[in-house]
Amino acid sequence: MTIPKPVTAKFTTAGFHRDCLFRFANAAKTVLQWIHCHFCGVSFNICRSRAPGEPDWAKWDYTGSHPDPELEFDDLDLDECSRNGCGVGVRYPKEEDNEAQDADYIPREDEEDHEPYEYDSDYESADDAMNVGEDDGWNDGDGEEDIESQWYRDWLLSSAVPQDLVPGEPAWTPPLHRDRPNEVVFPLTSGQLPEGYGPEQLEHIAGPTCTGSNAYSGHAISMEAMRGCRTAQFLVHKQASEADWQPDGLDEDWELSGDWFLSGLCDGTTSRDIDYQTVYPPRGGLDQLEADNMNFEPEYTDSDSIGMPFHPWCFDIFCRQSKVLFNHVNISGLMTWRNAEFSYEDFHGFPRTRDVLDGREQWWRHNHGHEYLAANPLYVPNLERLLFAAVNLEDGDFTPDTGAFDLSRRIWPTETPSQARPADPLASLPLELRLLIVGFLGSRDIANLRLASRAFEQLPVSLWYRLVRDEMPWLWEAWDETECIHVPSIWTSVTGTDVQMFFTRRQRYASALSDMCKEINVEDAVDSLLPMPMTAPRQLRLPREQTNWYQVYTQIKRHWGQLKGLQNRQRIWRDVEGIMTLIQKYTCSID
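Just so we're aligned, residue 2 is where the sequence shown starts under my numbering, counting upward by one.
Bear in mind the hints are in silico, worked out from the structure with no lab data behind them.
It cannot be assumed that every hint is accurate.
Heads up, simulated DMTMM-like pairs for lysine to aspartate or glutamate below, C-alpha to C-alpha not over 20 angstroms straight-line [unchecked claim]:
1) Lys239 - Glu225
2) Lys324 - Asp471
3) Lys586 - Asp252
4) Lys586 - Asp347
5) Lys324 - Asp305
6) Lys558 - Glu482
7) Lys239 - Asp249
8) Lys239 - Asp305
9) Lys324 - Asp252
10) Lys558 - Asp471
11) Lys586 - Asp446
12) Lys558 - Glu342
13) Lys558 - Glu385
14) Lys558 - Asp446
15) Lys324 - Asp446
16) Lys586 - Glu342
17) Lys324 - Glu346
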């Protein structure tokens, strides 16, 4: 792979009109500092607070750095924190700091009564398909960890905070989150900080019901579930590349033949009034570029000179829908729409869910209960296991006509002869007509029909395949392989921090090898020493004839609150559907 020489994009006019941002702001409009994903409308500058037991680097602020401890407490209402079960972690505990032995410690009345959250260590799902335990097959090995492995993990969890070196979302997520040894957390029972400590020694630990809006709580969403929430990528016109754009071995097919290409990645974005976006690797020769959700001065600035920002996962959802609708990744149509509706009013007028609008303030507002907005919609923890549980590869008796219900637990009450039910007029219908009837009904109507008529007491599992496809069009795991041939981009499997650390290391290796060994091919040597770790993730496809679609449908519905990534996928899917309609509008008008 070629290691490109980075250059900074030099735009004709866009770079010289940054001051127009302030002239543009007036009493009627508030221009936010930060850009957002152009597909889903959510900020890239997402924050997280850690839960007890998680490592220090499981929390980060808007810049991706470890929060300043003194500023952290300035914005807190300690009385509110005490009501929400928040605690105070001690960064440098003293020997006598032991909550369990503290004579002054009074446990909260509701401490043992609150419902466990999805990622609490004692959380147990209501269904085996979602159980996550140390000895149920989720972890490799025999469930008993040797002492050296324990020491190694303890060392990893107690190492220096990665944000001190490379600010941003952590490049590594531990497989077990609740395993931090010797942590001291005091409950905020009186709205007062522990005596004998300064703010720089303490850390706010969000409680299960914390309503703080400066970060999403580790109680409500895991690091694994929100991996990639800060990663930004950009569509850039090839005219912006002074290096005369060339393929680099990481290209998508449409990049080779089209006018636009994907930039490198960055963790979070810089403020509009500060600097360009710095990306890794410098694809197209660009390590810095300008990107925005609006063109502030279209009379002076060519819209093609401004990159389009998005989450790689949102772009992946666009690619899937584009292939289904247009049979190709319609980048030209996407940018035609973007350039046609590229004003302040257009971006803020695009219809989005209320949760997104409630979060869109000068600094992203992390509202309690809206954590799903930061969840990865492509790689959803526990989803694959839930879906695989519905596949019957070894059951030779299973067919799509297999009944969905266990009739040994009948829904009909025992009747005496005097209470005999009236004749069921639907009972005489042949099976073909009964299936035709339910084929026009939704899930709620089918449930009511089963209660009303014994003729519909048993239904085949294949019926729920239609319901999955109709009600969950975003569940591409249920698609037939011929519907959409799609392999996720390698950029969906890494974060901005991952890529920055990897390519910085490659450049350091290349520089050292160039100085030491003049005769070798540096690129080949670096590829051998530090091969690309990014690979296209494996795609799960449910076999239509061997899947219990009733189980798929009901398990997703039952565990919807835990599947935050699927919630976000549904939201983004609907936004992209609206964009597809607008692409058709503008491309048809051009034709």
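Broken hints, by number: 1, 3, 5, 6, 11, 12, 15 and 17
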